[in-house]
Amino acid sequence: MADVKLAPGADEVAMAVMLSDMLKANLEKPEKLKEFNKLKARVYINAKDAETEITMDFNRGTLTVYGGKEGSPDISIETDAATLLDLANINIKYGMPWYFDETGMAVVKKLLRKELRIKGMFTRLGALTRLTKIMSLN
Amino acid sequence: MAIPYGTDEWVETYNNIVKERMESQSPPYIMGTPEWVKQYEELIQNDAEYKEAAKTWEGSVVIKILAKPEIGLDKDLYMFMDLWHGDCNYVRIVPAEVGEAGDYVITGEYERWKAVMAKELDTVKGMMQGKLKLKGDLPTIVRAVKAASRLVDLSASTNPRFPDELDDAGKEDLRALLKRAEEELGI
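Residue numbers (this note's numbering), protein chains in the order written: chain E, 37 to 174; chain S, 81 to 267.
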């Protein structure tokens, strides 16, 4: 079972609980667990409309979820709550996130319109791809 | 003593209350009443967008409105939606034990649901803020987020009247209706 834990106080942040529960369920799949065990990155997520933020600290096989901004992130994702869930619906094809179907194109459009801002998209592309694969429910 | 849930008699009595209320009340109906729930059910059943978005959906969804005695809601109210592959078999107010056994139960205080139905609070945002709490398999709900959003949009499109905005006579009428539902149907 994957080592996913909430930092003290994070259990009071609904988004932290939701995303860690979702990840725990995802990591029951061996292909996602394999990616999880390789990922080392600190990811900050801000659901601006919900005025809630979390930090996920992935450390090759462990994940600590903080209820707020913690440390200096490698990847920052800022968007609205619904788009965060769209990210979880991205399909994986040929072992990679697939941006050429309806869900993927919707995400790309939001990136272009700056409704979805991802810092570290190019500098940490490998980590971002791995993160997307882990977070995807598909 | 209330009629046992799940029997034909229960359904018949529930439907009779709905019929009586629809004949005696006029739209916009009061949120949470059987006539409002019926209106909502018909909207879902006739909505092509929901059907398409929910074509793989399996399982019941329950909206649980927490009690607020000062507006006539003396007990938690459970609105049970029986949904399957884009079809809505029914939406009904049900007894607590039935509601709690739903596949997905979304719980919130009255004000939160009022905000949702007044289009002031997005359900996803509400869940991320902890204003609405989900019991059930989160990944399944996330996969069906479009269908869930559509259900919420449809509830808002009923433009209901809200119990806290009723005058004293209206609140008493609501209280009497819910008391009858409790006595006859165990709601």
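Everything labelled a hint here was simulated from the structure, so no lab data went into it. Careful, some of the hints might be misleading.
[What the hints assert, rightly or not] Here are the simulated DSS-like pairs of lysine-lysine, each with C-alpha atoms no more than 27 angstroms apart in a straight line:
| hint | chain 1 | residue 1 | chain 2 | residue 2 |
| --- | --- | --- | --- | --- |
| 1 | E | Lys150 | E | Lys84 |
| 2 | E | Lys150 | S | Lys199 |
| 3 | S | Lys199 | E | Lys60 |
| 4 | E | Lys84 | S | Lys251 |
| 5 | E | Lys84 | S | Lys215 |
| 6 | E | Lys65 | S | Lys215 |
[As the list claims (entries may be wrong)] Here are the computed distance ranges between Cβ atoms for each label pair:
| hint | chain 1 | residue 1 | chain 2 | residue 2 | range |
| --- | --- | --- | --- | --- | --- |
| 7 | S | Glu138 | E | Phe136 | 48 to 58 angstroms |
| 8 | S | Thr220 | E | Arg149 | 26 to 36 angstroms |
| 9 | E | Pro66 | S | Glu180 | 26 to 36 angstroms |
| 10 | S | Gln125 | E | Asp57 | 28 to 38 angstroms |
| 11 | S | Asn96 | E | Met37 | 43 to 53 angstroms |
| 12 | E | Ile154 | S | Ala249 | 50 to 60 angstroms |
| 13 | S | Asn239 | E | Lys129 | 41 to 51 angstroms |
Glycine included, C-beta positions come from ideal geometry on N, C-alpha and C.
Tested hints:
no.	hint	in the structure
1	E:Lys150 to E:Lys84	holds, 13 angstroms
2	E:Lys150 to S:Lys199	holds, 24 angstroms
3	S:Lys199 to E:Lys60	violated, 32 angstroms
4	E:Lys84 to S:Lys251	violated, 38 angstroms
5	E:Lys84 to S:Lys215	holds, 24 angstroms
6	E:Lys65 to S:Lys215	holds, 22 angstroms
7	S:Glu138 to E:Phe136: 48 to 58 angstroms	violated, 28 angstroms
8	S:Thr220 to E:Arg149: 26 to 36 angstroms	holds, 29 angstroms
9	E:Pro66 to S:Glu180: 26 to 36 angstroms	holds, 34 angstroms
10	S:Gln125 to E:Asp57: 28 to 38 angstroms	holds, 32 angstroms
11	S:Asn96 to E:Met37: 43 to 53 angstroms	holds, 52 angstroms
12	E:Ile154 to S:Ala249: 50 to 60 angstroms	holds, 55 angstroms
13	S:Asn239 to E:Lys129: 41 to 51 angstroms	holds, 42 angstroms
The earlier numbered hints that this structure contradicts are 3, 4, 7.
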